[in-house]
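Enquirer: Chain by chain, the residues:
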Amino acid sequence: MIAFKLAYRNLMGAGLRTFLIVFILSVSYVLIIFMNGLYQGWNHHARADMIDWEVGQGQFWQEQYDPYDPFTYADAHAPVPPEIKTAAEQGRVTPILLSQATIYPEGRIQSIKLKGIAVQQDVLSVPTDKLVAEDHIIPALAGTRMAKSARLEEGDYLLVRWRDVNGTFDAAEVKITGIFSSPVPAVDAGQIWIPLDQMQEMLQMPGEATLIVSGKGVELPGKIPGWEFRDHDFLFAELEAMIKTKSTGGSILYLILLALALLAVFDTQVLSIFRRQREIGTYISMGMTRRQVVGLFTVEGTMHAILALALAAVYGIPLLLWFAKTGLGMPEGTDSFGLASAERILPYYSAAVITGTILLIMITTTIVSYMPARKISKMNPTEAIRGKIQ
Amino acid sequence: MENNTIIKIENLVKQFPVGGGTFTALNGISLSFGKGEFSGIVGPSGSGKTTLLNIIGSLDSPTKGEVTVMGTGSGGMNAKTASQLRKKHIGFIFQTYNLMSVYTVYENVEFPLLLLKMPASERRKAVLDAIEWVGLTDKIKSRPPQLSGGESQRVAIARAMVKRPGLVLADEPTANLDAANSHHILQTMESLNKELKTTFLFATHDDKVIRYLKRIVTLADGKVVSDESVK
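Chains G and Z, in that order, give the protein sequences. Counting in our numbering, the first sequence runs from 564 upward without gaps. Counting in our numbering, the second sequence runs from -19 upward without gaps.
Please note that the accuracy of each hint is not assured.
When the alpha-carbon atoms are kept at most 25 Å apart in a straight line, the in silico SDA-like pairs for lysine to any residue are as follows [unchecked claim]:
{"no.": "1", "chain 1": "Z", "residue 1": "Lys68", "chain 2": "G", "residue 2": "Leu579"}
{"no.": "2", "chain 1": "Z", "residue 1": "Lys119", "chain 2": "G", "residue 2": "Gly576"}
{"no.": "3", "chain 1": "Z", "residue 1": "Lys97", "chain 2": "G", "residue 2": "Gln855"}
{"no.": "4", "chain 1": "Z", "residue 1": "Lys60", "chain 2": "G", "residue 2": "Ser940"}
{"no.": "5", "chain 1": "Z", "residue 1": "Lys203", "chain 2": "G", "residue 2": "Arg949"}
{"no.": "6", "chain 1": "G", "residue 1": "Lys951", "chain 2": "Z", "residue 2": "Pro125"}
{"no.": "7", "chain 1": "Z", "residue 1": "Lys68", "chain 2": "G", "residue 2": "Ser940"}
{"no.": "8", "chain 1": "G", "residue 1": "Lys951", "chain 2": "Z", "residue 2": "Gln(-5)"}
{"no.": "9", "chain 1": "Z", "residue 1": "Lys68", "chain 2": "G", "residue 2": "Asn943"}
{"no.": "10", "chain 1": "G", "residue 1": "Lys941", "chain 2": "Z", "residue 2": "Gln75"}
{"no.": "11", "chain 1": "G", "residue 1": "Lys951", "chain 2": "Z", "residue 2": "Asp201"}
{"no.": "12", "chain 1": "Z", "residue 1": "Lys121", "chain 2": "G", "residue 2": "Leu579"}
{"no.": "13", "chain 1": "G", "residue 1": "Lys941", "chain 2": "Z", "residue 2": "Val(-2)"}
{"no.": "14", "chain 1": "G", "residue 1": "Lys951", "chain 2": "Z", "residue 2": "Leu108"}
{"no.": "15", "chain 1": "Z", "residue 1": "Lys105", "chain 2": "G", "residue 2": "Tyr571"}
{"no.": "16", "chain 1": "G", "residue 1": "Lys568", "chain 2": "Z", "residue 2": "Ala106"}
{"no.": "17", "chain 1": "G", "residue 1": "Lys938", "chain 2": "Z", "residue 2": "Met57"}
{"no.": "18", "chain 1": "G", "residue 1": "Lys568", "chain 2": "G", "residue 2": "His608"}
{"no.": "19", "chain 1": "Z", "residue 1": "Lys97", "chain 2": "G", "residue 2": "Met575"}
{"no.": "20", "chain 1": "G", "residue 1": "Lys941", "chain 2": "Z", "residue 2": "Gln64"}
{"no.": "21", "chain 1": "G", "residue 1": "Lys568", "chain 2": "Z", "residue 2": "Gln126"}
{"no.": "22", "chain 1": "G", "residue 1": "Lys938", "chain 2": "Z", "residue 2": "Lys15"}
{"no.": "23", "chain 1": "Z", "residue 1": "Lys67", "chain 2": "G", "residue 2": "Arg854"}
{"no.": "24", "chain 1": "G", "residue 1": "Lys941", "chain 2": "Z", "residue 2": "Met57"}
{"no.": "25", "chain 1": "G", "residue 1": "Lys568", "chain 2": "Z", "residue 2": "Tyr83"}
{"no.": "26", "chain 1": "G", "residue 1": "Lys951", "chain 2": "Z", "residue 2": "Lys97"}
{"no.": "27", "chain 1": "G", "residue 1": "Lys938", "chain 2": "Z", "residue 2": "Gln64"}
{"no.": "28", "chain 1": "Z", "residue 1": "Lys60", "chain 2": "G", "residue 2": "Thr852"}
{"no.": "29", "chain 1": "G", "residue 1": "Lys568", "chain 2": "Z", "residue 2": "Leu108"}
The hints are simulated quantities; they were obtained by calculation from the structure and are not laboratory data.
Work out the full structure: start from the sequences and follow the hints.
Expert: Listed below in structure tokens is the structure:
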């Protein structure tokens, strides 16, 4: 306790120098928590959006389906397994049939993914209720990204050509009955959604699907022959890897700031020990052991981090809470990287991020404070008292 | 050791390594000092006064011989027992005052009591008493840079005396002071010596100090050349 008391007095006595170091360290606290909170918030949002729009509570993939290899699409289809057929009929799981296709918007040729989805489903947020058939026209949904790239508008007619199960080309006109906006590019870019039953008919694959998306509270069978279950760990692996890459890049900024602050602490310690030799000798003459004096100087250095935490709390808490409430606008095109992104990201400050940041700064500050202070243990007190340079 | 003796030095030798050889700073010193003495070790520069004071104050250790201070012998002394001895029983006064510049007068004087973990109310009383002894009650909130040399040395005396030590070691306490301030300081220490029966041991070559001493031990080249009591 005495070391804290003395260290506090010494730091307060040092005035502006203390304030500057404390201020830089406090900015480090706030910035690290903010940046990590932002990435966590992004991750949090992206996961929630992907669950709502794309992955649900997990997916069964037909065993030949490989989302990165369009050549597998032709063979990646099988009847919806009987184990989950009832759930599919009740709309609790959503079968999706996938095929390559070509569209001809305004006379141009564009390859797309054609996706069939049950009109009566609540598993995904894709607005399938807009897939309303008029006469014999096939209704279709496009996302805003797709609509922009193909210059589609609601009510437009579009020629679609595909190959059925036998490899025979066929074509039909579809009508864009809805254009939806989604934060998840994977359900939007380069694809068009049509009713599942009509797509099964077009491809001559009755009752078949490429993948099946599970909704909440569905008891899934452990294993279905010919199908592979993909859980969240698998489906979010890419997202997490991308966010990790981005957060690593982002962390360089605050690590530089932290390094500057730590350098200032280190420099102050070195200077203090050099300038305060007489004081060190006096402490020893008054009954402190060298170890206690090393401890005092270490605590003094570490106290910068404690004061910085207090200062960071004063301006950082309101600032971080304000950001958490208003969010941070993401620039247009962020989601064109293929990463799910809302228009505004709301930072999410977890206890782990806050505790981790505090520990990181405290521990690193203690280390850089201790390193120069070790020199005291080698000092000759009789020379230190006289202020002789050692 | 007689009951009244608080410092006993027997055949003390102190050598320092210099270049490839050794320099003998103290050579076969044997002395003893009793409780309540107002004594001084005098001699020219380099005679070993400060070295002897440092060894008595357990800031340095003998090369040979034995030094016993307040019942604690240098033979079995380690860093912890030495620091305990200084903390509880010895007060130091230095030529350059050695006050903590960021502390107020009150905080400087309070410091030794913080190390002793004295309760706050007792501590406050002891600090105020000590500041009153040296006549600096009006400067209690001042910091050392705001004080004159004489005032600074009086703060150092208060800091040395606040824990009521058995022994105060003063190394050239008047070297940086003018005559008037030197006399004021010495009078203060003399009255504390009489009032509190604290043993004062000076290392000095200042005539102003020597005039106040009741016993003068003269060193030359690391040896005691005379030991006289002054009436």
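Enquirer: Run every hint past the structure and note whether it holds.
Expert: Hint check results:
Between Lys68(Z) and Leu579(G), the direct Cα distance comes to roughly 36 Å. Violation of the 25 Å bound is thereby established for this hinted pair. Distance hint between Lys119(Z) and Gly576(G) is fulfilled; the C-alpha atoms sit about 18 Å from each other, no more than 25 Å. Of the supplied pair hints, the one linking Lys97(Z) and Gln855(G) holds, its CA atoms being roughly 14 Å apart against a limit of 25 Å. A threshold of 25 Å between alpha carbons decides the hint, and for Lys60(Z) with Ser940(G) the separation of about 14 Å falls inside it, so the pair holds.
Distance restraint check for Lys203(Z) and Arg949(G): the Cα-Cα separation of roughly 24 Å lies within the 25 Å cut-off, and the hinted pair is therefore satisfied. The hinted pair formed by Lys951(G) and Pro125(Z) meets the criterion: a straight-line CA distance of about 21 Å does not exceed 25 Å. Between Lys68(Z) and Ser940(G) the CA atoms are separated by roughly 22 Å; this keeps the pair inside 25 Å, and the hint holds. For the suggested pair Lys951(G) and Gln(-5)(Z), the alpha carbons sit about 19 Å apart, so the restraint of at most 25 Å is met.
Proximity of Lys68(Z) to Asn943(G) is assessed by CA-CA distance (about 21 Å); at most 25 Å being required, the pair is judged to hold. This hinted pair checks out: Lys941(G) and Gln75(Z) have alpha carbons roughly 24 Å apart, not beyond 25 Å. Between Lys951(G) and Asp201(Z), the direct Cα distance comes to roughly 23 Å. Compliance with the 25 Å bound is thereby established for this hinted pair. For the hint linking Lys121(Z) to Leu579(G), the alpha-carbon distance of about 20 Å falls within 25 Å, and the restraint holds.
Among the hinted pairs, Lys941(G) with Val(-2)(Z) is consistent with the structure: their alpha-carbon atoms are about 19 Å apart, no more than 25 Å. Note on Lys951(G) and Leu108(Z): the hinted pairing is violated, with a Cα-Cα distance of about 33 Å set against a maximum of 25 Å. Note on Lys105(Z) and Tyr571(G): the hinted pairing holds, with a Cα-Cα distance of about 23 Å set against a maximum of 25 Å. Annotation: proposed proximity of Lys568(G) to Ala106(Z) holds, straight-line Cα distance about 19 Å (limit 25 Å).
Taking the CA atoms of Lys938(G) and Met57(Z), the gap is near 23 Å; set against the 25 Å cutoff, the hint holds. Using a Cα cut-off of 25 Å, the hinted pair Lys568(G) and His608(G) is violated, with the two alpha carbons roughly 45 Å apart. Distance restraint check for Lys97(Z) and Met575(G): the Cα-Cα separation of roughly 22 Å lies within the 25 Å cut-off, and the hinted pair is therefore satisfied. Between the alpha carbons of Lys941(G) and Gln64(Z) the distance comes to roughly 20 Å, so the proposed pair stays at or under 25 Å and holds.
Of the pairs offered as hints, the one joining Lys568(G) and Gln126(Z) holds, with about 23 Å between alpha carbons and a cut-off of 25 Å not exceeded. With a C-alpha separation of about 38 Å, the suggested pairing of Lys938(G) with Lys15(Z) is violated against the 25 Å cut-off. At roughly 15 Å between alpha-carbon atoms, Lys67(Z) and Arg854(G) fall within 25 Å of each other, so this suggested pair holds. Between Lys941(G) and Met57(Z) the CA atoms are separated by roughly 19 Å; this keeps the pair inside 25 Å, and the hint holds.
Distance check on the hinted pair: Lys568(G) and Tyr83(Z) sit about 12 Å apart at the alpha-carbon level, within 25 Å; holds. Between Lys951(G) and Lys97(Z) the CA atoms are separated by roughly 31 Å; this puts the pair beyond 25 Å, and the hint is violated. For the given pair, Lys938(G) sits about 22 Å from Gln64(Z) by alpha-carbon distance, which is consistent with the 25 Å threshold. For the hint pairing Lys60(Z) with Thr852(G), the CA-to-CA distance comes to about 7 Å; that is within 25 Å, so the pair holds.
With a C-alpha separation of about 20 Å, the suggested pairing of Lys568(G) with Leu108(Z) holds against the 25 Å cut-off.
Hint compliance for this structure: hints 1, 14, 18, 22 and 26 are broken, all remaining hints hold.
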